[in-house]
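Undergrad: Below, each chain spelled out in residue letters.
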Amino acid sequence: MKQTVTLRNAAILAACLLIYPAIFSGPFYLDIGVTFLLAAISASAWNIVGGYAGQVSVGHSMFFGFGAYAPLLFYTLFGWPPVLGIPVGIAASIVLAIVIGVPTFRLTGHYFSMATIAVAELIRIFFGTWNLVGAAIGLQGPATARGWWDLTFRSEIPYYYIFLAVLALLLGLTHALECRRFGYSLRAIKAGERAARSLGVPVQLTKIRALVFSAIFTSIAGSLYSLKTGFIDPESGFGILISVQMVIIAALGGAGTLYGPLVGALILIPLQTATNTWFGGGGSGLTYILYGGIIVLIARYEPGGVFEIWHRLAPQRWRAKLAA
Amino acid sequence: MLLLQVIVGGLLLGAIYALFSSGLTLIWGMMNFINFAHGEFVMLGMYVALLVVLWVGGGPAIFGLASAIALFFLGVAIYLSLIRYVLRGPMLSQILSTFGLALLLRYTAFFIFSANFVSLPQTPLSGIINVAGILMPVAQLVAGIVAILLTIGLHLLLTRTTIGSQLLAVSEDRSAAMLMGIRPDRMQALAWGLSAGAAGIAGALMAISYPWSPSVGETFGLTAFVVVALGGFGSVPGALYAGLIIGLIQGVSAFWFGPIYKDIVVYALFVALLWLRPQGLMGKA
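Chains as they are written, first to last, in the working numbering: chain A, 21 to 344; chain B, 10 to 294.
Warning: the hint list may mix true and false statements.
Just a few of them, taken from the derived set where beta-carbon distance is under 10 Å, the chain B residues facing chain A [what the hints assert, rightly or not]: (1) Y94; (2) G98; (3) P99; (4) Q103; (5) F108; (6) F119; (7) F126; (8) P223; (9) I269; (10) Y270; (11) I273; (12) Y276.
Read the hints as simulated data drawn from the structure, not as lab findings.
Glycine residues also receive a C-beta, built at the ideal position from the N, C-alpha and C atoms.
Put together the whole structure using the sequences plus the hints.
TA: Below is the structure:
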């Protein structure tokens with residue numbers, strides 16, 4: 021029963037996302053669609069370690085940045101098609117995840133949060149001074165495509181479907197993990213680390229595996245970002261606001277739920293576009309005041325996010341319907 | 010000689026790091042809670058100092074006190090309206106609460122004061138004195154010494170007074186403290202006030218000699234993490250030594266490698282520390 025409902029929901033969601041470009045075909049709406057998908061991919065990747073395992077990273081931009089730099093770096097250095105840089109970004113992110121995870125996961129969760137923010141900042145400043153990666157100016161991708169393999173398109177539609185495919189893959193894998201021992205171990209760790217350990221869950225190893233899995237997809241999200249925009253600099257790759265966006269989207273929708281990040285992105289991306297349009301870009305910082313306010317309100321009133329509200333309200337509504 | 014001067018300058022800046030980091034370590038030690046908005050408190054202390062100088066006038070004693078008092082009440086208000094409720098919540102809301110607060114404070118400051126760097130107008134503490142060939146701006150010297158005295162004062166307050174014992178009692182065992190007639194909420198609000206007040210006055214001291222913009226809060230927040238990680242969590246004397254050490258390392262690495270590398274060296278030290286000695290230099294294993 022539950023399985024069929026899940027399948028039906030996934031099918032409806034997939035259908036809606038597949039036909040979106042056909043209905044909203046203007047460049048403005050396509051751009052929102054692509055931004056939404058990218059935000060959903062990043063936040064879903066964060067969700068593995070931040071949501072399911074409850075290890076709150078506030079420096080996930082380090083993986084995003086590695087993923088974003090690698091394609092353009094190899095294009096700039098050797099003229100490789102940017103796609104070939106994606107595995108390099110993934111490899112670098114895996115190494116970084118292990119380097120950070122091994123020491124901090126031995127300690128309480130706060131250390132992990134602190135270490136992630138410090139490492140992300142360290143890398144951002146370092147990339148800003150390193151001439152090989154363009155220092156503060158950053159790197160650029162191919163201006164016009166030399167062939168389809170450059171993945172440089174005029175239209176947004178190919179990007180839309182590539183991003184959608186990656187999102188589907190990520191959600192599919194997450195769902196598969198959810199139902200396996202690994203997924204149960206993650207939730208056990210989140211609920212109570214000591215209890216999980218006493219039941220024989222290899223806590224340290226599970227956390228590191230979650231972080232590595234999360235880092236891989238965050239890195240892919242970064243690669244997709246730089247493939248699409250064809251440009252990357254330290255701020256747009258490693259900036260703290262990249263991490264903030266992942267955290268807020270996942271927490272707003274519901275951290276540790278499969279569709280939570282999607283719901284969060286569905287709320288936040290249009291909201292962000294609206295505030296940017298009304299208040300004139302990010303220059304005034306009003307968008308981020310809004311972000312900060314939302315994060316504080318979630319933390320204070322509804323740590324479970326929108327999903328939690330839904331789970332509380334839905335039964336009441338059904339009960340009302342049955343009683344009527 | 011130049012190196013000696015760099016060392017003294019680094020130590021004087023480190024004294025201010027020690028002061029605001031002791032506020033962070035107080036909250037951490039007492040509630041096992043990390044305040045991601047601590048650097049923003051320092052930044053706000055700087056702007057309070059600026060506003061007081063522009064609107065009221067007066068010297069460092071006046072605006073320093075004003076920053077301390079303003080931030081004390083902000084800290085108490087934040088505890089009572091937000092932190093109290095998330096303290097017993099899941100880890101996610103603990104981290105999100107102050108992280109969101111940091112964004113809120115930082116970008117509100119951006120909105121009000123713009124992203125431009127500002128500095129205090131000339132204060133009475135100007136001029137340079139020459140101690141055995143080392144040239145020191147009077148403002149930095151006074152600020153450094155005041156910061157060390159205040160950090161020691163905070164340590165004495167925590168260890169030698171009734172209030173300190175009550176704070177310690179709450180952090181050791183909340184229920185037992187309640188049975189002894191201590192109100193934990195009141196004590197924790199006081200701790201938040203002291204923590205933010207220390208950050209505020211540190212900001213005012215720093216504002217005397219350094220220009221700043223709303224984004225400095227992020228750097229100061231990270232610096233405070235490193236200082237606390239080095240000094241041991243919850244230890245005010247540890248924060249004092251570690252603050253001086255970090256100031257020194259920053260000054261010397263800026264001198265040897267160039268100013269842009271000073272933060273890189275400090276953050277790299279932090280990562281190394283997490284690998285090798287996560288409990289800090291003074292902390293117990």
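Undergrad: Against chain A, with CB atoms and a cut of 10 Å, does the hint on I269/B hold up?
TA: holds (5 Å)
Undergrad: Given P223/B was flagged as interface, is its beta-carbon under 10 Å from a beta-carbon of chain A?
TA: holds (8 Å)
Undergrad: Hint validation: Y94/B versus chain A, beta carbon distance must be below 10 Å. Holds or violated?
TA: This interface hint holds because 6 Å falls under the 10 Å limit.
Undergrad: Quick check on Y270/B please, does its C-beta sit within 10 Å of some C-beta on chain A?
TA: holds (7 Å)
Undergrad: Classify the hint on Y276/B as holds or violated, based on whether any CB of chain A lies nearer than 10 Å to its CB.
TA: holds (4 Å)
Undergrad: At a threshold of 10 Å, is the proposed contact between G98/B and chain A supported by beta-carbon distances?
TA: holds (6 Å)
Undergrad: Per the CB criterion, is F119/B less than 10 Å away from chain A?
TA: holds (4 Å)
Undergrad: Report holds or violated for the interface hint on Q103/B, using the least CB-CB distance to chain A and a cut-off of 10 Å.
TA: holds (8 Å)
Undergrad: Classify the hint on I273/B as holds or violated, based on whether any CB of chain A lies nearer than 10 Å to its CB.
TA: holds (5 Å)
Undergrad: Under the criterion of a CB-CB separation shorter than 10 Å, is F126/B in contact with chain A as hinted?
TA: violated (16 Å)
Undergrad: Go through the hint on F108/B and say holds or violated, using the shortest Cβ distance to chain A against 10 Å.
TA: At about 6 Å, which falls below the 10 Å cut-off, the nearest Cβ of chain A leaves the hint on F108/B intact, so it holds.
Undergrad: Can you verify the interface hint for P99/B: is its Cβ closer than 10 Å to any Cβ in chain A?
TA: Holds - the Cβ of P99/B comes within 10 Å of chain A, reaching about 5 Å at its closest.
The structure fails hint 7 only (numbered hints given earlier).
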